[in-house]
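Which chain is which? The protein sequence lines are A and B, in order. Mapping of the first sequence onto our numbering: position 198 corresponds to residue 198, and the numbering continues sequentially without gaps. Mapping of the second sequence onto our numbering: position 224 corresponds to residue 224, and the numbering continues sequentially without gaps.
Do not take every clue at face value.
Unchecked claim - Over the 10 Å line for every Cβ pair with chain B, so calculated as not near, a few chain A residues:
| id | residue |
| --- | --- |
| 1 | 2 |
| 2 | 40 |
| 3 | 45 |
| 4 | 57 |
| 5 | 71 |
| 6 | 74 |
| 7 | 87 |
| 8 | 109 |
| 9 | 200 |
Unchecked claim - With the Cβ distance kept under 7 Å, some of the chain A side facing chain B (calculated, not the full set):
| id | residue |
| --- | --- |
| 10 | 107 |
| 11 | 219 |
| 12 | 221 |
Keep in mind the hints are simulated off the structure, nothing from the lab. Even for Gly, the Cβ is constructed at its ideal location relative to N, Cα and C.
Residue-level listing of the chains:
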Amino acid sequence: MLEFVDTAAEAVSRITDGATVLIGGFGNAGQPMELIDALMDSGATGLTVVNNNAGQADAGLALLIKERRVAKIICSFPRQSDSWHFDEAYRAGEIELELVPQGNLAERMRAAGAGIGGFFSPTGYGTQLAEGKEVREIDGKHYVLESPIRGDFALIKAYAADPYGNLVYRKTARNFGPVMATAAAHTIVQVDEVLDEPLNPEHVVTPGIYVDTVVGIPTGSGVKEREEREALAAGRSKPCMATKTAAELAAQK
Amino acid sequence: MSEQTTEAADVQAFRSTDTPLTQDELARVIAEDIAPGSFVNLGIGQPTTVSNYLSPEKKVTLHTENGMLGFGPEATGDQVDEDLINAGKIPVTELPGASYFHHADSFAMMRGGHLDVCVLGAYQVSATGDLANWSTGKPGAIPAVGGAMDLAIGAKDTYVMMDLFTKKGDRKLMAECTFPLTGVGCVSRIYSDRAVLLLDPSGVVTVRELHGLTFEELQERHPDVRFEKAGA
């Protein structure tokens with residue numbers, strides 16, 4: 001049952017120790033920073049986290065790793081210039097790493113969300129990352145058997161949600177969001193705008209069927225466009241999209 | 001469209017100059033070989049500079065694996081938007097006709113053979129087109145692969161842009177790669193400061209261009225690789 005909650009803390013309150021949590025974002029774009037912070041505050045530990053990276057600098061996922069809340073991470077690119085908390089945990093043998101090529105990572109979650117039991121991918125064939133996996137030749141080309149990755153929870157950031165839980169994203173902040181939303185048993189979304197009106201059905205990117213919990217948290221994404229749109233809408237009888245301003249949402253928070 | 005260029009380029013007769021290409025000259029050579037209307041992914045780092053030489057009239061569309069077709073030059077000042085970045089996490093701009101899509105679609109687009117050309121850097125490439133560009137296999141190093149393995153095998157044509165030798169003078173074109181592989185038999189061309197080389201599964205390397213290196217020197221530095229001059 002779709003729910004709209006007021007705080008990030010409420011949104012993540014169901015996440016328990018040992019859960020597998022899919023966390024969206026590529027770099028800072030689409031990273032649900034406030035939900036990750038709330039997960040940190042919730043104290044949940046022994047987590048398996050799926051993300052493209054393994055945390056940057058001293059924020060978000062990096063802090064979860066620093067506090068040793070993450071037992072295992074499944075990602076494509078853990079090593080970055082500012083991934084010092086992951087590096088330390090990894091070298092100390094205090095975090096398990098499953099390294100997955102980025103496209104296989106996305107497709108494994110897509111498979112989970114689509115009810116596919118596994119798939120043959122050409123990516124990684126003949127490399128270390130395919131060692132021990134079943135290989136098959138199909139029409140003269142080699143493929144490696146990959147398995148689905150399911151989440152107990154997904155934490156993602158979208159741009160706006162309508163009252164039916166339908167989501168739209170903003171630019172490259174879309175990245176893993178739509179796929180993770182399908183692959184988790186319970187999908188938790190933070191949005192910059194909670195809309196009072198339904199989205200145009202033709203524009204919906206993630207249909208509400210995949211969405212369980214929504215929390216409105218203005219983060220500054222698309223503020224300029226929103227103000228322009230609101231100025232335009234002020235001259236119309238009915239606004240085309242959002243009716244709540246960022247300031248109203250902040251007050252509500 | 002890329003097939004057309006491949007044919008046109010393949011029949012180009014061997015040519016040589018006395019000095020190695022600069023990085024900018026090399027970027028220009030690659031840009032000239034990309035057919036009008038192509039969909040192209042340029043890897044992080046040096047390959048990105050190829051975009052400086054793709055004229056708008058060519059109508060080449062750039063793909064970034066974090067979910068966008070049709071991005072423009074790096075964003076500056078007011079244009080910077082943290083929701084609009086490329087795979088190198090650099091803020092970029094949106095060109096008319098751009099589109100956004102999620103990660104699974106983005107890699108499906110690549111894996112499904114819809115991209116014409118991908119240009120990547122490399123540690124080593126084998127004569128049969130094996131690519132090593134994600135790990136030097138150094139013990140104790142933290143592994144990270146990103147989209148490298150998907151990119152290597154995804155596009156219709158994978159070009160490598162690199163120096164032919166390392167700074168220490170070691171060769172990077174091998175009979176067989178000694179570093180961990182990114183992909184098998186996936187590279188069709190090497191664009192380097194000293195040579196433009198066309199690869200094929202036979203392992204016989206066709207030399208299209210040499211710059212500041214003679215054919216004999218090339219052969220001498222790679223005694224276990226068989227070379228043939230283009231158009232010979």
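Evaluated hints:
{"no.": "1", "hint": "2", "in the structure": "holds (21 Å)"}
{"no.": "2", "hint": "40", "in the structure": "holds (21 Å)"}
{"no.": "3", "hint": "45", "in the structure": "holds (23 Å)"}
{"no.": "4", "hint": "57", "in the structure": "holds (13 Å)"}
{"no.": "5", "hint": "71", "in the structure": "holds (18 Å)"}
{"no.": "6", "hint": "74", "in the structure": "holds (12 Å)"}
{"no.": "7", "hint": "87", "in the structure": "violated (6 Å)"}
{"no.": "8", "hint": "109", "in the structure": "violated (7 Å)"}
{"no.": "9", "hint": "200", "in the structure": "holds (16 Å)"}
{"no.": "10", "hint": "107", "in the structure": "holds (6 Å)"}
{"no.": "11", "hint": "219", "in the structure": "violated (9 Å)"}
{"no.": "12", "hint": "221", "in the structure": "holds (6 Å)"}
Checked against the numbered hints above, the structure violates hints 7, 8 and 11; every other hint is satisfied.
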